[in-house]
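Q: full-length UniProt numbering puts the first residue of the sequence shown at 1, with every later residue one more than the last.
Bear in mind the hints are in silico, worked out from the structure with no lab data behind them. Note that this is a predicted model, so its numbers are computed, not measured. Wrong hints could be hidden among the right ones.
As the list claims (entries may be wrong) - Listed below are the simulated DMTMM-like cross-link pairs for lysine to aspartate or glutamate, each with C-alpha atoms no more than 25 Å apart in a straight line:
(1) 78 to 116
(2) 64 to 110
(3) 102 to 58
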Amino acid sequence: GFQQGPGFAGGTSQRDRTMWLSPVLLLLCLSGSLSLMGPSSVTGTLGGSLRVRCQYEELYQRHKKYWCRGPYDATCEKIVETNGEEKEERSGRVSIRDHADKLTFIVTMENLTADDAGPYWCRIQTTWFLDVWSRDPSLPVNVSVS
1 GFQQGPGFAG GTSQRDRTMW LSPVLLLLCL SGSLSLMGPS SVTGTLGGSL RVRCQYEELY
61 QRHKKYWCRG PYDATCEKIV ETNGEEKEER SGRVSIRDHA DKLTFIVTME NLTADDAGPY
121 WCRIQTTWFL DVWSRDPSLP VNVSVS
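Please take these sequences and the hints and turn them into a complete structure.
A: Put into structure tokens, the structure is as follows:
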């Protein structure tokens with residue numbers, strides 16, 4: 001069975017614990033993908049700009065939103081983030097703005113270069129820092145530059 005305390009390091013109870021956590025993990029992954037909606041890919045022109053609109057649930061209205069780059073959401077590099085207010089935040093050629101009344105945040109990439117193409121993520125900063133099983137809600141967006 002499932003044991004509390006230091007006793008669960010043994011073989012069987014460790015396996016039980018893993019099986020017990022699996023549905024929870026599955027639920028987190030599923031709920032994460034439903035928490036954020038937006039385009040799976042966007043295309044901009046060389047030297048031009050593009051906008052990505054990410055919609056979220058009311059639950060996340062007061063949370064910080066961010067845009068990051070990389071193949072995996074958990075290890076992506078944060079490029080720009082909101083600070084919990086409805087004002088534009090900028091980092092170089094990229095800006096982000098949260099429109100909390102519309103449950104939407106918009107990322108704008110300007111003066112696009114070929115190097116800007118690749119995998120990005122719309123993400124929401126959640127506050128469960130000590131819970132290793134939780135993950136920031138994420139939406140993958142593939143950026144192409146033509």
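Q: For the pair we were handed, residue 64 and residue 110, check the Cα-Cα distance against 25 Å.
A: holds, 22 Å
Q: Are the Cα positions of residue 102 and residue 58 separated by 25 Å at most?
A: Roughly 9 Å between the alpha carbons, so the hint for residue 102 and residue 58 holds.
Q: Taking 25 Å as the top limit, are the C-alpha atoms of residue 78 and residue 116 close enough?
A: holds, 14 Å
This entry satisfies every hint, going by the numbered hints stated previously.
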